[in-house]
Structure formats: structure tokens, C-alpha cells
Amino acid sequence: MSPLFFIFGPMVLAALVALYGKKRDTIVKFVSLALFVWMLIYALELLAILPDSGYLDLGSYLAVKDFGFELTLQVDHLSVVMLILTSVLLILVALSSWTMKRTSTYFALLILFAGPITGVFMSTDLLWFFIFWELTLVPMYFLVGIWGAEGRIYAAVKFFLYTHVASMLILLAFFLVYKETGTMNMTLVRESMLASPVLIWWLLFIGFSVKMPIFPFHTWLPDAHVQAPAPISVLLAGVLLKMGAYAMIRMVVLMLPGQSAHFAWVILALGLITLFYAGFMALYETHLKKMVAYSSISHMGLVTVAIATLSYSGLSAALFEMIGHALIISPLFLIAGFLHHRTGSWQMGDMGGLMQKAPYLSAIFVLAGLAALGLPGTIGFVGELTILIAAIKSYGFWLILIALGSMIGAGYIIWTFRRVIYGEISQTVRKSDFRMDHVEFAALVIFAVLIVFFGLFPSTLFDVINAAFAPIAAQGGL
Amino acid sequence: MFGTFSLLFVAALVSLALHRTKWLKPVALVAIFGSIFLTYSGSHIGLAGFENSEAIRLFTLILEIVLLAVILHEEEDQTLTQTLFIATASVALLQSHTLLTFIVSFEAVSIISFVLVSHIRTAAQAEGAVKMFIAGSIATGILLLGAVLYLIGGGRLGAPIAVETTALSTTGLFVMLLGLFYKLTIVPMHGWAADSYALVRHSHAAILTGVAKTVVAVAMFRFFAPFLAEHLSLSVPVMVTLAVVTMTLGNYLALFQKRIARILAYSSIAHAGYILLAFAALKSGYASTGLLYMAIAYIFMQTAVFLLLDILRKRYGIETLEALKGLAKKNGLLAFFFTVQLFSLAGIPLLAGFMGKAVVFYAAVDAGLWAAVLIALLNSALSVGYYAWIVKHLYFDEAQGPASQSNDKLPIVSQLILLAGTLTFGIFASLVFSVGNAF
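Read top to bottom, the protein sequences are chains X and L. Residue numbering for the first sequence follows our numbering, starting at 1 and increasing by one per position. Residue numbering for the second sequence follows our numbering, starting at 1001 and increasing by one per position.
Bound conformation, chain X alone:
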């Protein structure tokens, strides 16, 4: 199967679904589910045929002579891991959107999102990477703006504008790279001498920081994540933020290793600030979904710290934590969104005693929460531990500080349990009906299973992840 099918196919399919999908909701749902499953199978196939190190060439298309602009598709372990994560999340998002209103349009946009996101992880041409990167914004804008909560319009426009401005910096950086190296291919750029690497590094770093997000460029996130419908929050946290982290690793750390080493302290400092700032914000928050959103930012701070180590073990840990974060935050967002849907309230103060009313839902919430604070036996523990070790190895023992971040995490998570899950049953909870659609509940269960599975058998994941950074280990650093 040509990779182009998975990039441009969804765009065509989305148009067809939008045109002919009205009143065929069930078909539409299964068509998109089938597409996402197919994407997963394709990604697994790629994993199977990947060479041990280096790229797998998937072909070049649409070459433009005189302007290093060519849709060059190459994948390595890093991109295939991202593809697998994306397709798994898309499947679970489709399942958790089973009862969404205006089904055909919603799923058309979801399918539309699948195309460019595949392109982002496959393309090694800078300009095409940028094209796909920007294109993911369009379905997101509509998904947040149409299906979001009360403040959806403000959130959608802010999200679009904010991240679009950041993208402009990235585009300028790519132009400068092309001007100075004469190539748009990321693998070639690494080997060439850049004349103004400092400027390029800062443009790229700030551009990608917005997407990750790293303090102080995170302000779009609480709005977008809170206002988005719950499955879309999952997509934002699980895929869009990962796209930022992926780009940070691929284009800042791996493409400009020299400058990254020079400015590693910037990445480290901002990562730590993000970790603690967002942690304290989560502690302070009484709005359930905002708490989850800040917890999400805090975890991305952890990923940033791991990236700042610029080492083999650190980058592996970062990638592991990225996957862990996607699996942990997603059920929290889904449940927070569901609770709001049923109780009509975002405030944790209005809830309480959920365990008595909806024990299974509460159990999954507790499991994901405990994973978020790093309970051994869950994927969260492995992620945080490996990051802690990698960071201490690179920067010395004072980074035991990270463990303090985990403690703040424990603080807000356990306090949330106290306010939402346990305690006396509140009026709001008593009145509400928490019966969940079976398909949507199944998605939550799958998340829970994955959290525990990879917590108990992290090596299944590390085998693949380590291969992504094997070249770094082989040459003993960047």
C-alpha cells in the first residue's frame, strides 16, 4: 500500500463522508474505525520491516525542480512509534465519540485529521512537514469550535491563532535552513554547516515549544483542552502535543545537535519551570478538566526535562513518557468530560462520592490518576523513574528535584480523588445519571488495560523505543 494512500486518502474520504454521510451514521462510524484500524496495521507492518538503524525509504513524490521541495517519505523507529500511538489513539477516540451529535460531520473531520498527522510523522522534507503540521489545525479548529463547551469559540480561535503564529516562526526557520544549506531534507540538513544556527535554533525551539507546550507558551492549552469535547481533548493531548515533542526531538535535538547542547540549560530550565508551575496550577485548580489539563502540561514539562538531557537514555525515557502521558491523560479527560456532560458542572466542589454511584468509572479514574502520580505497576511509574535516572545521570544529583514534582502530582491527584471520587455523595452526583454507552466505556477499559500492561511489561515498549535512538548510543552521544 502506498503511503500516499494514508496521507491523501483520508482527505478524499473525509470529503466523501461529509457529502454522502448524512443519515448514514452507523456506516460512517464503522468506516472511520476501519480506516484507523487499517492505519494501525500499516504502522505495525512498517515496524516489522524497519531496518535496525537508519531510515526506511517510502518514496519521493511531487518533486519541484530548483526548490528542494519534494514529498520525501522516510520513516525510522521514532516516527513509526508515533504512527502507532496516533492510530491507537484515533481508534480509541472514535470509540469514545460513539454517541457524538452531528455524527457524519464530526467523523469526517476526524478522518480529515488522520491524513496530515500521518504526513507529519512520515515526511522528511521540511516544507511538506510544515504543510502537514499546519493542516492538522484545520479539523481541530472545527472540532473544538462546533462541538466544544460554552467557551468553544474563544478557545477555538485562540488555539488557531496562537499555534499559527508559532508556526510562522517555524516556517521562517525552515526558509533560513534552506537558504543556507540548499536542501529541505532533514537528514541532509544535519550534516551541513549552518551559518546562523543560533537564530534557527531559537525560532524552531519557540515554535515547537508552543505546541508541546512549554512555559510560558502554554496559555492556549487550558482553554482549548477544557472547551474541546472530551474525545478531542484526548486528540489534543495525545497526538497534537506529541507532535510538538516529536518535532522538538527530531528537528531541534537531532537536526541541530550542536546548538541544542549549547542551549540545553534553556530546555532544562523551562522544562523544570513547566513541571512545577503547571503542577502548582493543577493543585490550585477547582475546575476538574482544567486540573487535568494542567496535569497534562506538567507531564509535558517532565518530557521536556528528559529531552534536555540530550542523551540516549533521556530521549528514550522522553518517548516512553510521551506514550505514557497519552495513555494516562486520555481517560482522565474522557471521564472529566463525561462527568460535566452528566452533572452540568465542572467544579470538583459540586461532586463527591462518585464511587458509590458509578464504581467502574471511578475505578478507571483512580487507576489513571495513580498512574499519573507514578504508582509502581503502571506505565506512569516507569516513565517518571527512567526520566529521573536519565536526568540525574546527565546533570547531577540535584535533579532529584524532579521527584518533588511527582509529589506535587500526588498532591493534586489524591486531593482530586478526595473531592470527586470519595467522600460524601453530593446532591449533584445523586441527581445525575452515570450510565455510559458501552462502546465509550470499552474505550476507557482499553486505556486502563494498556496503562497496566505497559506498567508491568515496559520492555515490550522499550525494545522499540530504544531502537529509535540506537544511533546515539552507538556514537556515544549526539
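Hint data in this document are derived by calculation from the structure and do not stem from the laboratory. Keep in mind that the hints are not guaranteed to be accurate.
[Claimed, not checked] Cβ-to-Cβ under 7 Å is the rule here; a few derived chain X residues that face chain L: (1) Asp66; (2) Ile153; (3) Val452.
Predicted, not measured: the structure shown is a model, and the values here were computed from it. Using N, Cα and C, we set each Cβ at its ideal position, and we do this for glycine too.
Fit chain L to the given chain X structure using the hints.
Below, chain L alone, put in the same frame as chain X:
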């Protein structure tokens, strides 16, 4: 010798006799199809003072395709005839190679534009038309003044612009550029544009902002680029300053408009700023490709949005953002066309508008103007503010009140042609790059 020019000219004259018959539109369509065919097979004017090139051939072809969409859209006899005349004059302007032919063809385009908007129905349209006429007359005056200075300074009428010039003739050429900037709506020569574009009939505005302006930009670039490239120390600061001021002011003012036509009129001014950046980037080998790409992208999307406005006004009486609310529920197809073209204007990838901007901006980076490009990029991001805001009204808001709707057929084919152009040039960049340097 029966080239594109002659065919269109004859068809335009014949069409005058066909008003109020059912034959006008078929004749116009046949003529434009014929001209597309002739241009495709390499027709050129073939008179002294005119010269064709690969890039001009591609652009002429696209111009004719866009005019085909305009003709398919248009129902009014007057406008159809003027469209054919505009096509004729544009073909001449694009191929003109000497000062004489350039000025004559440019004046022809201007005068036909005046005739086009002089078809007045309301007081508002009269205001728009008069403003345009006055600004146009001043522009002509300045242009001729510049030409005279250039000629006194040693220039020749029957030749392309001299690259080596005296102080007086250099001054003359820059004065000529000032006159042309009126047509290109460069700040501070933009004052008339927002009013005129927004007040005249939308289908006329489509021809003015979409077609005529783009043609002038391309012809101007072709005609002046060798001279400007020779005087970089003078031209670059002037062009960069004007470009930056134009795009910034255009985008900034667009943010505050309530009427859709005014938003798009200011957006058109902002785009003139992006186009001007190509004039500043002449040091780079990508400048001509960038300008050509920007022009191609712009002619498709700008014509499309104003034709869509025309449909919106005719069908739903929509003029303001407020009235646009919930259109997606009333007419999904129209909302879709509108959204795609707006996103193209905003520079969202896989649409022509993105590639146009990307190539122009790269040309400027290549010419060492990265700070100006940063401003342009931030401007482009700022512009998303109002494009996305229009889209927000289309999709996110609930419709207000029952819609008054007339039942005339939607000119879908016309919009499909423009949409196909926007998509094709968003994806297949090599179409333009293969001819871009052959100006």
C-alpha cells in the same frame, strides 16, 4: 494570424451587438474557450512591441480560465461584454514589451474598469465608482508624468525600459511606479480601494481586485524588474517599506470591519503588500517565480470570494458578518466553497494561497530580507484572525431568523473551476516552478 488577442477583441465587439439576446453568453463562452485553446497552443500577439514568454503564457492561460468562471457566473449583458474587453486588454498588457505598448494597454485596462463600474444602480455603487474613477485619473496623471520625465531623461518610447538610466529618467521611472501603485493599492495610495471594492457590485469587484489588479502586478513586474534589479540600493528599501506598511495596515484595518466585502477589500490591500515583497526580493532568483505563484494563487482565491459574495447578496441578501451566521446549515456547499477560499487567502497549506506566500517569502529570505519576512509571516498569522472569524460565523454560530431565499441556480461550475485552481496550485508546485524564471 488569428491569435488570442484578435479573437477576444472581435468577440467583445460582436457581443456589443448581442445585448438582450440569448446569444451573448454562448458567444462569450465560445470566445473564452477558443482563447484558452489558442493560448495553450502558444498564440501571441505578434506585433512589434509585444513579446510573449513561458511564464506569461501560463499566466494568460490562468487568467482566461478565471474569466471563464466569471462568465459562467455572470448574468448581466453589460458585465459580460466588459469582461471580454478586459480579457483583451489584459492579454495585451501582459505581453507588452515597450513603454508605448505598456502605457496604452495599461490605460485600456483602466478605462474598461471604469466602464465596468459605471453600470450603476444605487447611490453606494455611484460612490464606489466615482472614487475609483478619481483615483484612477490621478494614477494615470502620475504615470504619464513619470513617463514624460523618463523620456526627457533619455528614455525611448518604443523600447523596453533602459537598465542604465540618468538621474532624471530614474526619477521618472519611480514616479511611474507611484502611479501604478494606485492600481496595486499600495499604502498610502490605497485610500480609494477599500471603499470602491466594497461598494461596487461584488461581481465587478471580483474583476477589479481579482483579475485587473493581478494582471497589473504581473505586467508591472515583468516590465520593471530588470530596471529595479539594477538599482537595488534604491529599490529594495522603498519596496520593503511599502510592502511592510501595506500588509500591516491592510490586515490591521481588516480586523475592525463589519461588512464582509470591506474585510475582503482590506485583505486585498494586505495581499498587495505580500506581492510587493516579490519586487523587493529581486536579488533572489526566486523573485519572479514567487510573484508568478502569488499572482496565480491570488487571482483564483480573490475572484472566488467576491463571486461568492455576489451569490450571497443575491440569494440571501447577506452583506454583514452578522447576517452570515449559520450559513453552513442553510447552504453547506456555499459555506464550503467560501471556507476553502478564505483559508487559501489565510495561507493554510495545500491551498494555492499558502504556496504563493511561501515562495514569495522564501524569495525574500533568499534576498536577505528575513526581518521583513518575519513581519510578513506575523501579518499572515494576524490575518487568520479575521478569516477564521468569518469561518466562525459560517459554522459555529446559530442562524438567526428565517432566510429569504431566491431560487435561481447556483453557479456551481464557476466555483468548481476556481476551487480546482486553488487546490491544483496548492499541491502541484512544479507547474509554476517549471516556467517561473522564464519571465
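Consistency of the hints with the structure:
no.: 1; hint: Asp66; verdict: 6 Å, holds
no.: 2; hint: Ile153; verdict: 5 Å, holds
no.: 3; hint: Val452; verdict: 40 Å, violated
The earlier numbered hint that this structure contradicts is number 3, and it is the only one.
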